Amino acid sequence: MKVIQLKMMFRGWMRNKVYTVISILSLTVGLVCSVLMAGLVTNEYRIANVISDNDQWYSFKSKSEFYGDSEREIFGSIGTGSVGGLLQSRFPEVTDFCVFHSCVAKINKEGRTVSVNGFFEVTANMEKLCKPRLLGGDLRQTLSRPGEIAVTRSFALGIFGRDNVIGERLRFDISKAVRVANGLYTEFFDETYTITAVIDDSERGFFNYKILKGLPEKEIDVNLKSWQGFYYTFVQLDKDVTGKAFEKKMRADSAFHELSLVPLKEIYFTPGSGNDDDLTLSRSPMLMYVGISIALAVLIIACFNYINLGMTRTLQRLRNTGQQMIFGASKQQMRMHLMTETGVQVFLALGIALLLIWKLLPRFNALFESRLIMPDFFSGITLWLLLVILLFMILFPSLYIFSRLGEEHLSRILKQEYSRRPRLVTSMVVAQFAVSIVLLLFVVNVHRQMDFIAHNRPGAESILLLDEGESADEQAWNVFCEKLNTIPEIEKMTKGSGLAEGAVSNNDWFVSIINCDENYFDFYNLQFIAGGPFTAHSPKGSVVVNEMFVKKWNLKEPVGYNFDFNGENRTICGVVHDFIIEDLTRAITPLMIIPEYAWISVVKVAPENQKAAIGKMVALWKEVAPDQPLFSWETMSDAYLAFHRDEQKMMQMVSVFAWISLILTCLGLFGLAWYSVENRMKEIALRKVSGATESQVVGLLCNRFMKWIMIAFLIALPIAFYFTQEWIKHFIYRQEATVWHYIGVGVFALGIGVLTVIWQSWRAAVRNPVDTLKRE
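Taking the working numbering, the leading residue of the sequence shown gets 2, the next gets one more, and so forth.
The set of hints was computed from the structure by calculation and includes no laboratory data.
Quick caveat: nothing in here was measured; it's all calculated off a predicted structure.
There's no promise every hint is true.
Claimed, not checked - Simulated DEER-style distance windows between Cβ atoms:
# : residue 1 : residue 2 : range
1 : Pro-264   : Asn-126   : 52 to 60 Å
2 : Ile-733   : Thr-195   : 26 to 34 Å
3 : Thr-195   : Lys-623   : 56 to 64 Å
Stated by the list, open to error - Okay, derived cross-link-like pairs now, BS3-like style, lysine-lysine, Cα gap no bigger than 27 Å in a straight line:
#  : residue 1 : residue 2
4  : Lys-650   : Lys-496
5  : Lys-484   : Lys-605
6  : Lys-250   : Lys-62
7  : Lys-62    : Lys-493
8  : Lys-493   : Lys-612
9  : Lys-484   : Lys-683
10 : Lys-18    : Lys-62
11 : Lys-132   : Lys-245
12 : Lys-493   : Lys-683
13 : Lys-62    : Lys-211
14 : Lys-107   : Lys-496
15 : Lys-360   : Lys-62
16 : Lys-623   : Lys-496
17 : Lys-541   : Lys-557
18 : Lys-110   : Lys-211
19 : Lys-132   : Lys-266
20 : Lys-62    : Lys-110
21 : Lys-541   : Lys-496
Cβ atoms here follow ideal geometry from the backbone N, Cα and C, with glycine treated the same way.
Take the sequences, apply the hints, and build the full model.
So this is what it looks like as structure tokens:
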């Protein structure tokens, strides 16, 4: 009996190739999207909880000085390493603390220096916090002895090509602050360390260290250390104390009132400070939520496709179903036959989906900066999620279809009186298009905002920022910059980035800083509202400020105003209009532009000439400094977009899923249109015999589908508007979509839908009605 059922099933597939291909393709795409996103989300939560049994360890969030009066709370880099010791001395609930301090370092290898991120000093008890697995050595002893370091396996493989590196020695140039008569400056010191421990980092975690050296408690928060690198402090609370209770008690102390606790298991989903040397990796929770929500929407669209196509195909074979029931087939047997057919299609789609996942995984990992591998989809909670998805795809469509058929009487089935399409099928088509239109509208709005970010400064795409890097020779770089004028494609040049290069806090004064030369203002076409730019002949200490600087300190006559800043006398010579110099989610802060220490060279090159100009600049650099690492470059547009990496990932992800959902919806619509045309061939023939034109027939067949799409657009419009507003409101500077953009998406969706069904409608309209009536 089972063999006969399988033969009947495969014969049905061959007779209805269009249905079969669309059904399997829809299920395959739905599985690819949902399995990939389920694997990503579960893997991200696995990373967040990679350190087990550490529920009593906490770090801190605090208002970052970089953002002045902003309420933004940033994890890590709280400015001082002494917090842990102070808390332990004042509160008995704190049983231990661990402190990391980031180091600015370069590896000195074979006469060349290369910058390295992930170099940290740390107290010897970090084993209690991080619980790292070791490939060799004793980590506590390494961190307790001067001249010794621990490295990760990935770092060892990158430098030595092997992980058995205990006993190897490495030379570093480490930046340290040096006090001189007129202040502080930084200098690199040559130090050699012996590797005495290797940490296994093959299982990905959220700690981002590569090299560790000991940090004696007596050296924590030494004044000069705070000028180089950042502190990250963790505290361990008594097992009987909750984080919320201790935070309330801690914040009651005026010394700690701005600090908030962050449980160790939540750090991965807490924004970092944004520095290259962040101790921990971070992931945007919003990206995860949006990704899994859209993947589930695509999966539901795939199931709707299967239900719609399955229902129409089942209605075509109702007479055969009735005959089977007359010859003794029970409803249970019919249900099992339908579920078996669905299960076979689902598992066939799963096989194709896994092959596609294997092929697409490298690109998916590159897009989301993840390290998923195929075994991740068959382990832990991901495997259970996969089983749930499969059960849903097998049971939901087949049980719904059979429930609808079960409502009909056998006599009606035999007479083929049951030809009406259930209302829910029509609702599913509308829902599919509504989801696709919501995603398309969201994509359009995100694209507009990202384009606004990239071009918020006029000519940003023509401006190239050239960075010498920490390893370059200063004299060689100056020679290189002087010779840039010989490259004909370069229209203008200056020194000084158009973006914030840092910030300085001095008692009540807090300002962002840009270091530049006197050509800066003309290069960026900055408009002055008072005074003018400084020049080579301006008095020492002359600075230009922005409007926010004047408003912040309520300066009535800003030009000529003198003030002391970090021990130096400054005089305002001009005030420029406010302009954006960082992330567009942050309000413009007071800005001071000073004619000192400018190191970033900036050139203006038309976009069509940039490839040639970059080639000539690279050749010039190799001529000037053949032994030095190549400088880096990026357009100002790219620099602004780099502030919004998560938003860029979201834009790419939503764009891909929007097109996938639209294609799936159109595939389902194509199948339904084909069924509708086939069922109405006799009606079409009679209408043509009665004098209907081909265009009238096409209009008749397309009208219903056009009505569905317009209903879907009206449903999608407020939903898309709501989600767009929720997303875009975290930008302080934004570009709202106009009503024409919404109308344009609606017209586009309608056009795609019409193109999907018009071919079949036209084919039916031009067919000879005599042939149709003879066949009927």
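Which numbered hints fail:
Per hint list: 1, 2, 3, 4, 7, 9, 10, 12, 15 and 20 violated.
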